Structure formats: structure tokens, C-alpha cells
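Number of protein chains: 2
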Amino acid sequence: MRIGIDVMGGDFAPRAIVLGAILALNELSTKDELVLIGDKNQILPILAEQNVSPDRFNIVHTTDTIEMCEHPTKAFNKKPNSSIAVGFNMLKKKQIDAFSSAGNTGAMLVGSIYSVNPIPGIIRPCTMVTLPKENNKSGILLDVGTNPDARPDVLYQFGLLGSIYAENVLNIKNPKVGLLNIGTEEEKGNIVTQATFKLMKNTKDFNFIGNVESRDLFKDIVDVIVCDGFTGNILLKQIEAFYRIMKKRNINDDYLEKFNYENIGGTPILGINSTVLIGHGISSPIAIKNMILLSGNISHAKLLGKIKKALIKYTQNNP
Amino acid sequence: MRIGIDVMGGDFAPRAIVLGAILALNELSTKDELVLIGDKNQILPILAEQNVSPDRFNIVHTTDTIEMCEHPTKAFNKKPNSSIAVGFNMLKKKQIDAFSSAGNTGAMLVGSIYSVNPIPGIIRPCTMVTLPKENNKSGILLDVGTNPDARPDVLYQFGLLGSIYAENVLNIKNPKVGLLNIGTEEEKGNIVTQATFKLMKNTKDFNFIGNVESRDLFKDIVDVIVCDGFTGNILLKQIEAFYRIMKKRNINDDYLEKFNYENIGGTPILGINSTVLIGHGISSPIAIKNMILLSGNISHAKLLGKIKKALIKYTQNNP
Chain A
1 MRIGIDVMGG DFAPRAIVLG AILALNELST KDELVLIGDK NQILPILAEQ
51 NVSPDRFNIV HTTDTIEMCE HPTKAFNKKP NSSIAVGFNM LKKKQIDAFS
101 SAGNTGAMLV GSIYSVNPIP GIIRPCTMVT LPKENNKSGI LLDVGTNPDA
151 RPDVLYQFGL LGSIYAENVL NIKNPKVGLL NIGTEEEKGN IVTQATFKLM
201 KNTKDFNFIG NVESRDLFKD IVDVIVCDGF TGNILLKQIE AFYRIMKKRN
251 INDDYLEKFN YENIGGTPIL GINSTVLIGH GISSPIAIKN MILLSGNISH
301 AKLLGKIKKA LIKYTQNNP
Chain B
1 MRIGIDVMGG DFAPRAIVLG AILALNELST KDELVLIGDK NQILPILAEQ
51 NVSPDRFNIV HTTDTIEMCE HPTKAFNKKP NSSIAVGFNM LKKKQIDAFS
101 SAGNTGAMLV GSIYSVNPIP GIIRPCTMVT LPKENNKSGI LLDVGTNPDA
151 RPDVLYQFGL LGSIYAENVL NIKNPKVGLL NIGTEEEKGN IVTQATFKLM
201 KNTKDFNFIG NVESRDLFKD IVDVIVCDGF TGNILLKQIE AFYRIMKKRN
251 INDDYLEKFN YENIGGTPIL GINSTVLIGH GISSPIAIKN MILLSGNISH
301 AKLLGKIKKA LIKYTQNNP
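Residue numbers (the numbering used here), protein chains in the order written: chain A, 1 to 319; chain B, 1 to 319.
Excised from the complex, chain A in its bound form (with noise of 0.2 Å):
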């Protein structure tokens, strides 16, 4: 696999992510090739300084950069030659099989959607995080922003893509796939949710266990929680909210030391056609190299393909 970062995304760029593909590295399979897009002469310095030579990586020059602030769109089409921009068009003619950056969110959703494009079927693409479970094995939360209004049958194909991602990815067999709510009633929640319970219900698509409360987000009730992008961004950060108080009160502990950003490893994209990963705009070396540990895992696990097989199913089931 070719695995494609944006080294002048973030805001410890570029150093942070020479650093962190300089960890990657170590952990990747001889096989994978990382491919660092930036300036080339900010990153040599880097490399040099570190002892580790410029040949274990393809360095793939750019001359610009889409900063943290600018405007997504209009960023992405007047600055061709930044890293963001290259990393998209390298995805789109095959020259790099995954790629990811903690720079400009927005750009990267508007390069996933415009330019990579969402696979042909669905509706809206999505971003997830995984979350550790109190027994040591990974679920995963879906929608975390892209979508902060999503109807039914949107919310209905997160489960889908949620589904093949637990299975694939994180290797559970039919996972199961619970529908956040605040209640386990079928006719608990908001007009979204109980017309999403409706279409979820029966469905042969995926394994579905019926509503899920957030006081069992973490146990191992469910792999794969369904929600809107404005309910899952506002846990993600709730959780981000307690990470930080815990450090802040010298509390550590084996597991809440999970929800430590630096060890997500970035959010991927479901339902475009490549793997691409967001990663946080504070991102760390060790960050950046989780990210990229996971990009290549998502694109060895071939997801892309099993996700085009599975909405043909879909297709057919839901004519």
C-alpha cells in the first residue's frame, strides 16, 4: 500500500508529522510505502536532523498550503499545488491508496466529496471515531460532525457502513449496530430517531440490536453506535472534555488513558471512494502516527470493495 500524509497540516506542522511518519515507519509492514506530501524543504531539514534518510520515503514536493483558517472550497480550487490538494488528485488517479492530514477539516471534506467523490449510493459520507470498550475491545461511533442534520435513511446507511467497518477493520463478526437514543424503547426519542428505529428494525443489512442510551456507550452491548453528526460531535467532545479534567486532577488509568485523542488515531471517512483520515488540528508525532498506523490498516482490509458489494445488496433490498 501507498500510504499518503499531509506533512503541512496541523499546527505543529511540518515538524510534528515528519516526526510521527518517522514512528509509522518503524511499525509499518516492509511493504507499505508512506508518502509524504510537503515542502520538500522543510521536511529534508527534519529528516537530516533525525538521522533517518529521505529514501524510506517517497517525498512528494508542494509548493502551497491550505491553512487552518482559510475557506474550505475556495481554498481547495485556488490552491492546486497545496498538500491537500495533491494528496486528493494523487487518490483520484490511484497513485496513493489512503491518505490523511490534521490540517484543514473542511478542505478535506470538500476534497472527499468533490474530488474523490462518495461511492455511487450513498447518500451522505460520514466520519467516525472508534471507542475503547470497558473490556478492552473497540466499538465505533458514527456520525462525529459531518452530518449535523441527517435523515432516517442517512442514519439507516451509517449503520451499514458502521457494520462493515467493525467487521473488516476491527475484525468483529456481525457486529452489532444500536442506534443512539435516549431511551430503549422503540418509540423512544426525537422524530429522527424513532422513524430511523422504524427503517432499522427488520433490516437484513446489519445486525441491528434495537436503541442504545449514551450510560453504555462503553460496554460491549453494541460495536457500532448510529447518530447524527451534531449528537456525536457533541459526545466526542464531552469525552474530550473529561480526558482533559482527568490529566488536569493527576488522575491516570490504563483505560481512560484511551480516550487520550494521540491514541483514536484520527477520523476516517466512510463512504467515499478511498480511505481518508482527519486527524486533530493539536495532533502529536505519536498522533500522526497512529493515524497513519490506521489508514494503512483500513486500506489493507479492503473496505472500499466490500462497501460496493454490500450497497448492491442494499440497492436491491431497498429498491
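Calculated directly from the structure, the hints in this document are not laboratory data. Keep in mind that this is a model prediction, so the values were computed, not measured. Hints are supplied without guarantee of correctness; some may be wrong.
Identical copies look the same in the list; a pair holds intra-copy or inter-copy alike.
[As the list claims (entries may be wrong)] Using 20 Å as the maximum straight-line C-alpha spacing, the simulated SDA-like pairs for lysine to any residue come out as follows:
id: 1; residue 1: K31; residue 2: K204
id: 2; residue 1: K40; residue 2: L25
id: 3; residue 1: K302; residue 2: T203
id: 4; residue 1: K133; residue 2: M68
id: 5; residue 1: K237; residue 2: E185
id: 6; residue 1: K94; residue 2: S299
id: 7; residue 1: K93; residue 2: S29
id: 8; residue 1: K188; residue 2: H280
id: 9; residue 1: K219; residue 2: K248
id: 10; residue 1: K133; residue 2: R249
id: 11; residue 1: K93; residue 2: K302
id: 12; residue 1: K176; residue 2: S53
id: 13; residue 1: K309; residue 2: I123
id: 14; residue 1: K74; residue 2: N207
id: 15; residue 1: K92; residue 2: G106
id: 16; residue 1: K93; residue 2: N168
id: 17; residue 1: K133; residue 2: Y243
id: 18; residue 1: K133; residue 2: E67
id: 19; residue 1: K248; residue 2: K309
id: 20; residue 1: K137; residue 2: A241
id: 21; residue 1: K237; residue 2: T184
id: 22; residue 1: K93; residue 2: Q316
id: 23; residue 1: K237; residue 2: R249
id: 24; residue 1: K133; residue 2: D220
id: 25; residue 1: K204; residue 2: D153
Starting from the structure of chain A, add chain B where the hints point.
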């Protein structure tokens, strides 16, 4: 003040409720009267066992109970001699000033809306909780479950209600009201929060400070956090999950201990013609004590008159 408590409501009723009432008695002013509403034949033996004279309470004997699993509206109408129905009847006749129960939440809402009634001008009553801030102050979050779908004008009123509560019960001058959202910029969020921001941004009814993210829920940048009941309920139950995990992992911390539901002291219903609080079904004696004390504080704050006064101004401003 005459403070009523439903002795029959809750998973550990009547015992936990009577024990909680005894604890509350020691902290209430001698001018306050505690009214125990429930089966006298069950209450008296517990008081005797605890060596507490029944004369210290006003005991109102009831012969029926609305069970946790019953349909709220049907049970409320079918059981006029149940402790919840009797409590609301006493509230309506102003024989008590406040009423709390850890019993059937739906029946408590039915009583609040159809027996006590919303304050004229209030579109939808809501439920709220007090959140402990990291600097030892308190903030509030509303709605936490009553309105899973809330229109912008309803959310606007939650801002008004929360502001009056924070000012009068928590004694915060000119409380900072924030709209819970997934970004701080005006254009962020879902359709409802975007429209709500527009309604709130130039308001003179309360001190609107803009959007607030869930990562800042416990910071002192905001006193009143407004959201729909779906999002609020999800947040509240995630707090519950974190607290449970913390206890399970033997983490003890003074600040995080404040997230123990026992210390939160029940959920006031705002926007109705009386003081009504709902407790957690699993309420312990300490939780009941804190709910009784909170209901006393709210009654003493004369919230109702202040909300009515603010609503007159609000109706003039929003004809």
C-alpha cells in the same frame, strides 16, 4: 414552605424515601414543613424503627401507587388516590409549595403539564440539572429529556428560564447563557441551532454569549447551557457512564464525586405553575435528601413570580 415528597416513588421506596426525609429534616429551616405523601401503614414503622416521631412530619395518607412501568397518562387518571396524583392535587390547591418524586417520570410530567399547567406564555416546560464547574461554581444544563425535538422559539425560552433559575437559585448575577453547539461560529450546527442562534444573538431578555461546545461544559465560561432534550439527555447519561467507570476503577476525586447523581439532587421541571422535581429511580436516602433540600431552595427563591414577570417583558419584546 410546605415541601411535599412522594414516599411511594422510586426503586427503593418507601424505605429510602423516608430515610431521606429524616436526613432532610435536620437541614431544613424550622419554618419549613415536610409533607410525606404515601401509605401511612408503611411510613410509621420506618419512622418508629428510626426513633423519629411522626409529629415532625405532616403525613398525608394515600392508598394507591403509580408503578414505574405503568403508562403515565392512563395511570395518572385511573389512580386519583395514588401518591403522585394526590401530590399534584395538593400542589394545585396550594396545600403544598413543592412536590418531588423518584417515581414514574412520565406521570410526574403528566401532572406538571395537565394538572399544575405550564405558566401562560411558556410553549414547552423543560427539565434541567445543575452541573458542577471545575472552579467549584455551578452551571445548569437544560433541557435534559422532556423535549427531544425543540423548536428555536422553545430553545429561546429555555435560555430565559435557565437564566432566571441561575440568577435566583444559584445567585449568579447576569448569568451567561450559551447555546450548545458543535462549533463556536454562528453558522455552525444543525438547522435548529442555526435558527436559535439568530433568535438569541441580539436578545435583551438574557445575557447570550454565543455557541458553547461540549468540551467547555465544565468551564466557567458559561452558566446556562441550552439544548434540546435529546442532546441534553445524551450528555447527562454520558456523565453517568463516566462516573460509573470511575467508581468501578476505584478512582476517587473530590471534583468528579460531584457527578454522583446523589449529589445533583433531582431534576426541576421549569416553566410550570409550581415547584416540581423528578428524582432518579434508584434514588438513595442521600439523593432524596438533596432533592428535598433543592425543592426547598427553589420554593424559597420565589422562582415562579420571577418567571411570570420576565414572561410579561418577553411577550412585550416578542409580540
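Cross-check of the supplied hints:
In the homo-oligomer, the alpha carbons of K31 and K204 never lie at most 20 Å apart, since the shortest distance is 37 Å inside one protomer and 64 Å across protomers. Proximity of K40 and L25 under a CA criterion of 20 Å is satisfied intra-copy only: 18 Å inside one chain copy versus 74 Å between copies. Proximity of K302 and T203 under a CA criterion of 20 Å is satisfied in neither setting, with 24 Å inside one chain copy and 53 Å between copies. Taking the shortest Cα distances, K133 and M68 never come within 20 Å of each other, neither inside one copy (32 Å) nor across copies (30 Å).
Taking the closest pair of Cα atoms, K237 and E185 come within 20 Å of each other only across two copies (16 Å); inside a single copy the shortest separation is 27 Å, beyond that limit. When the C-alpha separation of K94 and S299 is checked against a cutoff of 20 Å, the pair qualifies only within one copy, where the shortest distance is 12 Å, while the shortest distance between copies is 68 Å. In the homo-oligomer, the alpha carbons of K93 and S29 never lie at most 20 Å apart, since the shortest distance is 23 Å inside one protomer and 76 Å across protomers. In the homo-oligomer, the alpha carbons of K188 and H280 lie at most 20 Å apart only across protomers (18 Å), although the nearest pairing inside one protomer, at 34 Å, exceeds that limit.
Proximity of K219 and K248 under a CA criterion of 20 Å is satisfied inter-copy only: 13 Å between copies versus 26 Å inside one chain copy. When the C-alpha separation of K133 and R249 is checked against a cutoff of 20 Å, the pair qualifies only between copies, where the shortest distance is 14 Å, while the shortest distance within a copy is 23 Å. Proximity of K93 to K302 under the C-alpha cut-off of 20 Å is restricted to the intra-copy arrangement: shortest distance 18 Å within a copy versus 69 Å between copies. For the identical chains of this complex, K176 and S53 are neighbours neither inside a copy (45 Å) nor across copies (55 Å), given an alpha-carbon limit of 20 Å.
In the homo-oligomer, the alpha carbons of K309 and I123 lie at most 20 Å apart inside one protomer (16 Å), although the nearest pairing across protomers, at 49 Å, exceeds that limit. Within a single copy, K74 and N207 get their C-alpha atoms no closer than 41 Å, and across copies no closer than 35 Å, so neither meets the 20 Å cut-off. Proximity of K92 to G106 under the C-alpha cut-off of 20 Å is restricted to the intra-copy arrangement: shortest distance 18 Å within a copy versus 54 Å between copies. Taking the shortest Cα distances, K93 and N168 never come within 20 Å of each other, neither inside one copy (25 Å) nor across copies (63 Å).
Taking the shortest Cα distances, K133 and Y243 sit within 20 Å of each other both inside one copy (15 Å) and across copies (15 Å). In this homomeric assembly, K133 and E67 never come within 20 Å of each other (Cα to Cα): the closest approach is 35 Å inside a single copy and 34 Å across copies. Taking CA atoms no more than 20 Å apart as the test, K248 paired with K309 passes in neither setting, with 47 Å inside one copy and 42 Å between copies. In the homo-oligomer, the alpha carbons of K137 and A241 lie at most 20 Å apart only across protomers (17 Å), although the nearest pairing inside one protomer, at 22 Å, exceeds that limit.
When the C-alpha separation of K237 and T184 is checked against a cutoff of 20 Å, the pair qualifies only between copies, where the shortest distance is 13 Å, while the shortest distance within a copy is 24 Å. Taking identical chains as interchangeable, the C-alpha atoms of K93 and Q316 are never at most 20 Å apart, the minima being 30 Å within one chain and 62 Å between chains. With identical chains, the CA atoms of K237 and R249 are at most 20 Å apart within one copy only, with a shortest distance of 18 Å there and 22 Å across copies. In this homomeric assembly, K133 and D220 come within 20 Å of each other (Cα to Cα) only inside a single copy, at 6 Å, whereas the closest approach across copies is 31 Å.
In this homomeric assembly, K204 and D153 come within 20 Å of each other (Cα to Cα) only inside a single copy, at 15 Å, whereas the closest approach across copies is 40 Å.
In summary, the numbered hints that this structure violates are 1, 3, 4, 7, 12, 14, 16, 18, 19, 22.
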